[in-house]
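> Make the complex out of the two chains shown on their own, each in a separate frame, by following the hints.
Taken in sequence, the protein lines are chains X and R.
Counting in this note's numbering, the first sequence runs from 59 upward without gaps.
Counting in this note's numbering, the second sequence runs from 101 upward without gaps.
The set of hints was computed from the structure by calculation and includes no laboratory data.
We put the beta carbon where it would ideally sit given N, CA and C, even for glycine.
Hints are not guaranteed to be accurate.
As the list claims (entries may be wrong) - Reference excerpt, derived from the structure (chain X facing chain R, CB under 8 angstroms, subset only):
{"#": "1", "residue": "Ile-68"}
{"#": "2", "residue": "Phe-114"}
{"#": "3", "residue": "Asn-116"}
{"#": "4", "residue": "Tyr-118"}
{"#": "5", "residue": "Thr-141"}
{"#": "6", "residue": "Leu-143"}
{"#": "7", "residue": "Ala-145"}
{"#": "8", "residue": "Val-146"}
{"#": "9", "residue": "Ala-147"}
{"#": "10", "residue": "Gly-148"}
{"#": "11", "residue": "Gly-149"}
{"#": "12", "residue": "Ala-150"}
{"#": "13", "residue": "Leu-151"}
Unchecked claim - Residues of chain R placed beyond 10 angstroms of chain X at every Cβ, according to the derived structure:
{"#": "14", "residue": "Met-101"}
{"#": "15", "residue": "Ala-103"}
{"#": "16", "residue": "Asp-105"}
{"#": "17", "residue": "Ala-107"}
{"#": "18", "residue": "Ile-108"}
{"#": "19", "residue": "His-115"}
{"#": "20", "residue": "His-120"}
{"#": "21", "residue": "Glu-136"}
{"#": "22", "residue": "His-140"}
{"#": "23", "residue": "Pro-142"}
{"#": "24", "residue": "Asp-169"}
{"#": "25", "residue": "Pro-211"}
{"#": "26", "residue": "Thr-227"}
{"#": "27", "residue": "Glu-229"}
{"#": "28", "residue": "Val-234"}
{"#": "29", "residue": "Ala-236"}
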Amino acid sequence: MAIEVRVPTILRTHTNGQKVVEGAGDTIADLLGDLDARHPGLRARLVTDDGSLHRFVNVYINDEDVRFLGALDAKVSDGDTVTILPAVAGGALGVAVAGGALGVVAAAAVLTRR
Amino acid sequence: MLAIDAAILDAIVAHARRDHPDEACGVVAGPAGEGEPTRHIPMANAERSSTFYRFDAMEQLRVWREMDDLDEEPVVIYHSHTATEAYPSRTDRNLAAEPGAHYLLVSTRDPEITEIRSFRIVDGAVTEEPVQVVNATVDSMAVQSYMFGQSPAAVDYECRA
Numbered sequence: 059m060a061i062e063v064r065v066p067t068i069l070r071t072h073t074n075g076q077k078v079v080e081g082a083g084d085t086i087a088d089l090l091g092d093l094d095a096r097h098p099g100l101r102a103r104l105v106t107d108d109g110s111l112h113r114f115v116n117v118y119i120n121d122e123d124v125r126f127l128g129a130l131d132a133k134v135s136d137g138d139t140v141t142i143l144p145a146v147a148g149g150a151l152g153v154a155v156a157g158g159a160l161g162v163v164a165a166a167a168v169l170t171r172r
Numbered sequence: 101m102l103a104i105d106a107a108i109l110d111a112i113v114a115h116a117r118r119d120h121p122d123e124a125c126g127v128v129a130g131p132a133g134e135g136e137p138t139r140h141i142p143m144a145n146a147e148r149s150s151t152f153y154r155f156d157a158m159e160q161l162r163v164w165r166e167m168d169d170l171d172e173e174p175v176v177i178y179h180s181h182t183a184t185e186a187y188p189s190r191t192d193r194n195l196a197a198e199p200g201a202h203y204l205l206v207s208t209r210d211p212e213i214t215e216i217r218s219f220r221i222v223d224g225a226v227t228e229e230p231v232q233v234v235n236a237t238v239d240s241m242a243v244q245s246y247m248f249g250q251s252p253a254a255v256d257y258e259c260r261a
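Chain R on its own, in the form it takes in the complex (with noise of 0.2 angstroms):
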């Protein structure tokens, strides 16, 4: 399961807004073997693309750089779909080169809902995991929902303005 504090997936959710039509990518970053993301390190994307992403290499080399230093690890890898599903396509699944870390895809594809669900790849298999909001603040006069895409036991609905 990814646990992720509301206000780094509120800014995970704008940093694709934002992007969208072109893929949003980054990572959050956490204190080594802990597994809990903390520091939210939004990337360019390299290839400026609708389709396709890639971190740019010397940023890439920078934060990489900057985890180790800070003893952390990319707890969680995430970017965006912004036609199709928040699910890992097999460019995702091929290229996935960080096994113990969650990644999270978001799909801007409809403008009122934001789909948001995080997988484990490892030597390209796919495994979904279940989605938990910690931190929430829910207000009552929500307009925005993410529908997360996990089987009914497993789901976390969250609303928020």
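Just chain X, same shape as in the assembly (with noise of 0.2 angstroms):
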């Protein structure tokens, strides 16, 4: 048994187009490390260089947010689903987001320098 992962269509290029992937690991950050080293760049779309979970991700495992499980340290074990999806957000007031968005952070740090 592993733990499947759903992607979002955004974070397939780091997956070779594949919806779902299987990893391992006994929490968020031990199976995201474990994606990493065969799906190189997926990590670090979804984690930031301070090592939090990126504002703008939304992550479950099975039903629940992991937000309220404890974000990176919230437990997975074989046989759980995580599914990762882009947070969808925006809104009127231009001010830089901090954080940047799943996909798009180079973008908006390009945009924060201007």
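Written out as structure tokens, the structure reads:
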């Protein structure tokens, strides 16, 4: 048994287009480390430089949001399904958004520097 | 170009008007790979804000699973701006993470005229596209107009009651 990870469209460039990949680990952090070995770059899209989960990424273990389970420290077990979804967010307020968005962090950084 | 059914567009505008002055948000799902928006799903704005929106994380999981089960995808992602134009803000550009979706913006800043514009947002770059309303029935007693922010060649005006 392994942990099934459902990958959103925008991150499938890291998984050769695969929608579902498998991984292992005791926590979300371990799992992302394991996945990154086979799918390089995936972890960096989800975890900030200071080691926390990106603000605009939703990660779920089965039916629960990991933010309420300890975020990257949340425990996972074989047979669990982990779902990654980019948050759908925005709004009229044109301020720089801390943390950037899933997949557009580089673009956000460029915009902020101008 | 975004082609969208008049009844769905009406429902989106009604949602935006109902939630004004807070921003309203939602999805129109459609069969994967076909690009036709067929199923309107109004979403809760977890921020309940007049300047920001975010889908509720648990509702999003439920709706995204449902789309998966039905072999659908989010064809349109919409939200309203309640005091500014229907154009993606810097926040909208930075956070747009569905490169395949039409980002539909509705401005409710004017109580009489609803401004509707559609965009692709890929890697933070915005490209406007025409909006075509399909299956519209023109009402001679029309009192409300939608204003589409497009070049004259691409404008579709609809009048309706």
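> Look at each hint and say if it fits the structure.
Now the hints, each set against the structure:
1. Ile-68: holds, 5 angstroms
2. Phe-114: holds, 6 angstroms
3. Asn-116: holds, 5 angstroms
4. Tyr-118: holds, 5 angstroms
5. Thr-141: holds, 6 angstroms
6. Leu-143: holds, 6 angstroms
7. Ala-145: holds, 6 angstroms
8. Val-146: This hint holds: X:Val-146 lies near chain R, its Cβ roughly 4 angstroms from the closest one there, short of 8 angstroms.
9. Ala-147: holds, 4 angstroms
10. Gly-148: holds, 4 angstroms
11. Gly-149: holds, 4 angstroms
12. Ala-150: holds, 4 angstroms
13. Leu-151: Because about 4 angstroms separates X:Leu-151 from the closest Cβ in chain R, which is inside the 8 angstroms limit, the hint holds.
14. Met-101: R:Met-101 is indeed farther than 10 angstroms from all Cβ atoms of chain X, at 21 angstroms.
15. Ala-103: holds, 22 angstroms
16. Asp-105: The claim stands: R:Asp-105 keeps its Cβ more than 10 angstroms from every Cβ of chain X (closest is about 22 angstroms).
17. Ala-107: holds, 23 angstroms
18. Ile-108: holds, 18 angstroms
19. His-115: Fine: 15 angstroms to the nearest Cβ keeps R:His-115 off the interface.
20. His-120: holds, 12 angstroms
21. Glu-136: Since the minimum Cβ distance to chain X is about 18 angstroms, R:Glu-136 lies beyond 10 angstroms and the statement holds.
22. His-140: Correct as stated: the minimum Cβ-Cβ distance to chain X is 15 angstroms, above 10 angstroms.
23. Pro-142: R:Pro-142 is indeed farther than 10 angstroms from all Cβ atoms of chain X, at 13 angstroms.
24. Asp-169: The claim stands: R:Asp-169 keeps its Cβ more than 10 angstroms from every Cβ of chain X (closest is about 12 angstroms).
25. Pro-211: At roughly 17 angstroms from the nearest Cβ of chain X, R:Pro-211 sits farther out than 10 angstroms, so the non-interface label holds.
26. Thr-227: Nearest chain X Cβ is 14 angstroms from R:Thr-227, so the label holds.
27. Glu-229: Its Cβ never comes within 10 angstroms of chain X, the nearest being 18 angstroms, so this holds.
28. Val-234: holds, 25 angstroms
29. Ala-236: holds, 28 angstroms
Going through the hint list in order, the structure satisfies each hint without exception.
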